[in-house]
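There are 6 protein chains.
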Amino acid sequence: MRIAVFRKAHFNAAHRLHNPDWTKEQNEAVFGICNNYNYHGHNYELEVKVTGEVDKDTGYLIDIKSLKELIYEEIELRLDHKNLNLDVPEFKNLNPTAENICYVIWNILRDKLDAKYELTVRLYETPRNYVEYWGE
Amino acid sequence: MRIAVFRKAHFNAAHRLHNPDWTKEQNEAVFGICNNYNYHGHNYELEVKVTGEVDKDTGYLIDIKSLKELIYEEIELRLDHKNLNLDVPEFKNLNPTAENICYVIWNILRDKLDAKYELTVRLYETPRNYVEYWGE
Amino acid sequence: MRIAVFRKAHFNAAHRLHNPDWTKEQNEAVFGICNNYNYHGHNYELEVKVTGEVDKDTGYLIDIKSLKELIYEEIELRLDHKNLNLDVPEFKNLNPTAENICYVIWNILRDKLDAKYELTVRLYETPRNYVEYWGE
Amino acid sequence: MRIAVFRKAHFNAAHRLHNPDWTKEQNEAVFGICNNYNYHGHNYELEVKVTGEVDKDTGYLIDIKSLKELIYEEIELRLDHKNLNLDVPEFKNLNPTAENICYVIWNILRDKLDAKYELTVRLYETPRNYVEYWGE
Amino acid sequence: MRIAVFRKAHFNAAHRLHNPDWTKEQNEAVFGICNNYNYHGHNYELEVKVTGEVDKDTGYLIDIKSLKELIYEEIELRLDHKNLNLDVPEFKNLNPTAENICYVIWNILRDKLDAKYELTVRLYETPRNYVEYWGE
Amino acid sequence: MRIAVFRKAHFNAAHRLHNPDWTKEQNEAVFGICNNYNYHGHNYELEVKVTGEVDKDTGYLIDIKSLKELIYEEIELRLDHKNLNLDVPEFKNLNPTAENICYVIWNILRDKLDAKYELTVRLYETPRNYVEYWGE
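Top line first, the protein sequences correspond to chains A, B, C, D, E and F. Sequential numbering from 1 applies to the first sequence in my numbering. Sequential numbering from 1001 applies to the second sequence in my numbering. Sequential numbering from 2001 applies to the third sequence in my numbering. Sequential numbering from 3001 applies to the fourth sequence in my numbering. Sequential numbering from 4001 applies to the fifth sequence in my numbering. Sequential numbering from 5001 applies to the sixth sequence in my numbering.
Careful: at least some of the hints might be erroneous.
[To be verified] Mimicking DSS-like on lysine-lysine, the simulated pairs with C-alpha atoms at most 30 Å apart in a straight line are:
#1 Lys2049/C <-> Lys5112/F
#2 Lys4065/E <-> Lys2092/C
#3 Lys4049/E <-> Lys5116/F
#4 Lys4092/E <-> Lys5049/F
#5 Lys3092/D <-> Lys1065/B
[Unchecked claim] Residues of chain E clear of chain D, computed beta-carbon distances all greater than 10 Å:
#6 Arg4002
#7 Arg4007
#8 Ser4066
#9 Arg4078
#10 Lys4112
[Said to hold, decoys possible] To give a feel for the contact side, a few chain D residues facing chain E, derived at Cβ under 7 Å:
#11 Asn3012
#12 Ala3013
#13 Ile3033
#14 Asn3036
#15 Asn3038
#16 Tyr3039
#17 His3042
#18 Asn3083
#19 Leu3086
#20 Asp3087
#21 Thr3126
In short, the hints are calculated from the structure, not lab data. C-beta atoms are modelled at their ideal positions from N, C-alpha and C, and glycine is treated no differently.
Input sequences plus hints: build the corresponding full structure.
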């Protein structure tokens, strides 16, 4: 019996979209107001989907408390109330677009999650803009 | 032309997570406050996804009124305002975790739904914790 | 400068509507499925509104972290994952309708909150049914 | 690195479900109140999902501003504040069920979207009834 | 003990904003796309707020089942899946703006609701546009 | 006939809570992670409530298109994708707490809105934390 379990979490962060290899004009042309030199920010909503086999004894796919704690320890502590460009080493040389943040989160969680589970991460930058990555 | 139709429904129920083969200490260690002897409860939100071919004459995959009634007759009448552990025979010997409730709902609907449709059931226990089962 | 600050929290609980002075028939006639002997439950969503004067030094009406902790200590620990009828002394002789739960929560918070603040409590039993009490 | 980007949009429209090859009685039996001669309407919520490879230079799968504009130009201007049956040529001979509206939207966007992207369209007719089409 | 109880309901309707005393040009200038000759429509979300004294025996302000039925009988049956301009006598000579629909609903409910209750009606035309009327 | 009209809008911004008259230690003790030197950010959701008399000819309290444009011109252009501390003159000497941002928005809109209308502004910093100011 294969099932998927979803857990939602959130974090609030500042960021700025910028490619250091480009001129100021190129950056403004591509990233528009998202290139604002002084940063802007979002309430990021995170959905973590874990897929696998249900344990007969517990009736759980995964203990959701442990999943919640994993997300808190590895993602919220790292990203919440941070400036993604300045405070988070993963974005030193990586533009913090929703796509790249989602990719970074997936990789962090993938390393910590038992290999028997499949993992998909969805990240809402706003209620109308969101991305999903599944490690393909 | 293959399409999916989704219908949402909800029910309010009490439950308690408990494995009768375990000691009191084991149950508390694994299920924590969800093991409370006197039960607690949830507003369960249910999403039923049906996939198949659109009918040319109606432009419907399935008459959503009939799907709504099926969910009402088979799921809401069985589970709404019930104690899942005490009032619902399916959980006599099955721990009513979100995973197992989702599995039970899928099986009930699968039996009643025309075999030409694929079926996926998503069950929200809270807005932040939910599960999905597709009969794999 | 008078302002209102709102903080949301939630708890999951089982309950049953019942008047011990009435017959079984009267209880069923008035409370219907909410009278189920074995209880049912809800995800209660709580909105606490505090009104008063903004502090010039902090720019805060109230430190929302302290409000969050107050709600956690006094309400969530008392009501979350509980059976309101059996586990919560306040409902020993008080029917746990949404109205009465809201009244009990307001009184608990009113006792702990600085008298300089006005207090309003809104309680969602479901997304479509909710109540509000302001101590009038 | 394959990823999916989602963008939400909405439009408000009137419609009526009706099969001109059927009698009045057949139409009423199948479509019920949705067959109302004078139309009724909805706030349609649209979710467009685009899947493909992330561009290394931008960190984008697709410029979401250009996706937002595409949806505005091709879908909102065509359908918003319209009577689907009377004002939209695509439904001259096609019953505007949620299934068929979703199919029409998918085809319009598919024509305009770079072939390197996969496309899925989800359409909410109400928060409880929605459909999804992926061009299979 | 004074309290407020809220109940949500919804209906789907077509409408058109139009003042018959004005020219075509005036109507288009003021109402824009809402003046579309062939109508458009909305999922109207209705919030009914009833205020009064809690009954000691039931712990209810009002039996929410009876409030739900009142809204169904008097509002949903009258407005759901209707063309407000053509099918609803109240809008024969009254422009169905959100303001006027809210006013009409308030008056219908006020006539049927026990005079001991205060009544406020909020009507969402879209999730971003809504109005409230309290009979002042 | 007195009525209230609500319009929602949103903006994404970075900010940092900080009192320049305090030491680093005092700022960290009071503002915690919200004091992060490099800023963090939010999706601010704004609800503007306007109260007054309905116009008989239009059936409008206020043309919601003009209210939408007013909010766009005066609030979104000023605050969206900005660093509130660095980019917005109003917060040069004012700590950008939710309370103070709400107060600033109210004052900007109050100046531009016809004096015949009453005005209330609600500002959501997150879905669980929000404030309301009405100019008292």
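Status of each hint after checking the structure:
no., hint, result
1, Lys2049/C <-> Lys5112/F, "29 Å, holds"
2, Lys4065/E <-> Lys2092/C, "25 Å, holds"
3, Lys4049/E <-> Lys5116/F, "26 Å, holds"
4, Lys4092/E <-> Lys5049/F, "29 Å, holds"
5, Lys3092/D <-> Lys1065/B, "25 Å, holds"
6, Arg4002, "32 Å, holds"
7, Arg4007, "17 Å, holds"
8, Ser4066, "24 Å, holds"
9, Arg4078, "12 Å, holds"
10, Lys4112, "23 Å, holds"
11, Asn3012, "5 Å, holds"
12, Ala3013, "6 Å, holds"
13, Ile3033, "4 Å, holds"
14, Asn3036, "5 Å, holds"
15, Asn3038, "4 Å, holds"
16, Tyr3039, "4 Å, holds"
17, His3042, "5 Å, holds"
18, Asn3083, "4 Å, holds"
19, Leu3086, "4 Å, holds"
20, Asp3087, "5 Å, holds"
21, Thr3126, "6 Å, holds"
Hint compliance for this structure: no hint is broken.
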